[in-house]
Amino acid sequence: MPISHFLQRVLYVDIDIHHGDGVEEAFYTTDRVMTVSFHKFGDYFPGTGDIRDIGYGKGKYYSLNVPLDDGIDDESYHFLFKPIIGKVMEVFRPGAVVLQCGADSLSGDRLGCFNLSIRGHAECVKYMRSFNMPLLLLGGGGYTIWNVARCWCYETGVALGIEVDDKMPQHEYYEYFGPDYTLHVAPSNMENKNSRHLLEEIQSKLLENLSRLQHAPSVQFQERPPDSDLGEAEEDHDGDETWDPDSDMDVDVECELVPSKVKKEIVEPQLNGLVCISVGY
Numbered sequence: 001m002p003i004s005h006f007l008q009r010v011l012y013v014d015i016d017i018h019h020g021d022g023v024e025e026a027f028y029t030t031d032r033v034m035t036v037s038f039h040k041f042g043d044y045f046p047g048t049g050d051i052r053d054i055g056y057g058k059g060k061y062y063s064l065n066v067p068l069d070d071g072i073d074d075e076s077y078h079f080l081f082k083p084i085i086g087k088v089m090e091v092f093r094p095g096a097v098v099l100q101c102g103a104d105s106l107s108g109d110r111l112g113c114f115n116l117s118i119r120g121h122a123e124c125v126k127y128m129r130s131f132n133m134p135l136l137l138l139g140g141g142g143y144t145i146w147n148v149a150r151c152w153c154y155e156t157g158v159a160l161g162i163e164v165d166d167k168m169p170q171h172e173y174y175e176y177f178g179p180d181y182t183l184h185v186a187p188s189n190m191e192n193k194n195s196r197h198l199l200e201e202i203q204s205k206l207l208e209n210l211s212r213l214q215h216a217p218s219v220q221f222q223e224r225p226p227d228s229d230l231g232e233a234e235e236d237h238d239g240d241e242t243w244d245p246d247s248d249m250d251v252d253v254e255c256e257l258v259p260s261k262v263k264k265e266i267v268e269p270q271l272n273g274l275v276c277i278s279v280g281y
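So in UniProt numbering, spot 260 of the sequence shown is number 260, and the numbers just go up one at a time.
A few of these clues could be false.
[What the hints assert, rightly or not] Here are the simulated distance ranges between beta carbons:
#1 D166 to D70: 23 to 33 angstroms
#2 H184 to R93: 14 to 24 angstroms
#3 A186 to G161: 16 to 26 angstroms
Calculated directly from the structure, the hints in this document are not laboratory data.
In this text, all values refer to a predicted model and were calculated from it rather than measured experimentally.
The beta-carbon is built from N, C-alpha and C at its ideal position, and this holds for glycine as well.
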């Protein structure tokens with residue numbers, strides 16, 4: 001069965017410290033994939049991910065960027081993550097979620113500047129898991145490698161509903177995890193430059209953008225009709241101004257579209273898009 005028969009909408013969430021620019025760009029003009037990136041913004045690689053970057057054409061409002069500053073801690077991060085993702089799940093109603101769990105957003109990362117604990121980072125996995133739908137977890141960045149190993153070990157346990165013991169078992173790389181030899185690492189006392197006022201402004205703006213999505217994408221999701229039906233539909237598009245076989249950008253979502261035209265237009269591109277998500281890391 002083609003994957004597009006049962007995955008109509010996919011949500012991609014990125015908690016790596018860097019903006020998820022590649023995935024966002026790949027799906028910037030479609031309403032079939034929503035991208036949400038929580039990242040350090042400003043004088044920081046790759047320098048993209050402004051809150052005003054929201055998608056284009058049919059993809060308008062289907063790209064969400066959450067720009068953050070240095071030192072964000074667990075409480076501040078979840079103040080944004082949970083209400084924003086909760087609203088995304090409500091209005092977008094994805095058939096599956098891809099969560100990119102970059103560990104460079106942890107406290108103490110060599111190239112990072114956030115102050116998340118491993119438990120705080122994993123709380124995002126736990127929250128996504130609470131929606132009880134297909135969830136694909138991906139790795140990402142992370143440059144203090146022993147903390148990356150700690151994080152993804154713990155998050156694998158969270159994904160499986162298993163609480164992993166904090167005491168580190170003996171193994172061949174045991175010495176890398178000294179001097180405490182424990183799974184969890186405490187966050188530092190670095191300054192949190194994300195004021196409550198700033199966080200409230202970001203949350204308000206993004207929830208406002210999401211409020212513009214009154215319904216899930218307007219494509220009529222049903223079984224693909226037989227090829228013979230598709231042929232008949234193609235013969236009747238001469239006078240239809242919204243019909244463009246090479247683009248999904250000109251469709252007027254308020255119009256009553258012929259289902260067979262819609263399905264032919266989206267099936268193949270969307271199948272490729274889903275493959276790109278699953279093998280991108």
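Give me the numbers of the hints this structure contradicts, sorted from smallest to largest.
-> Checked against the structure, the only hint that fails is number 2, while the rest are satisfied.
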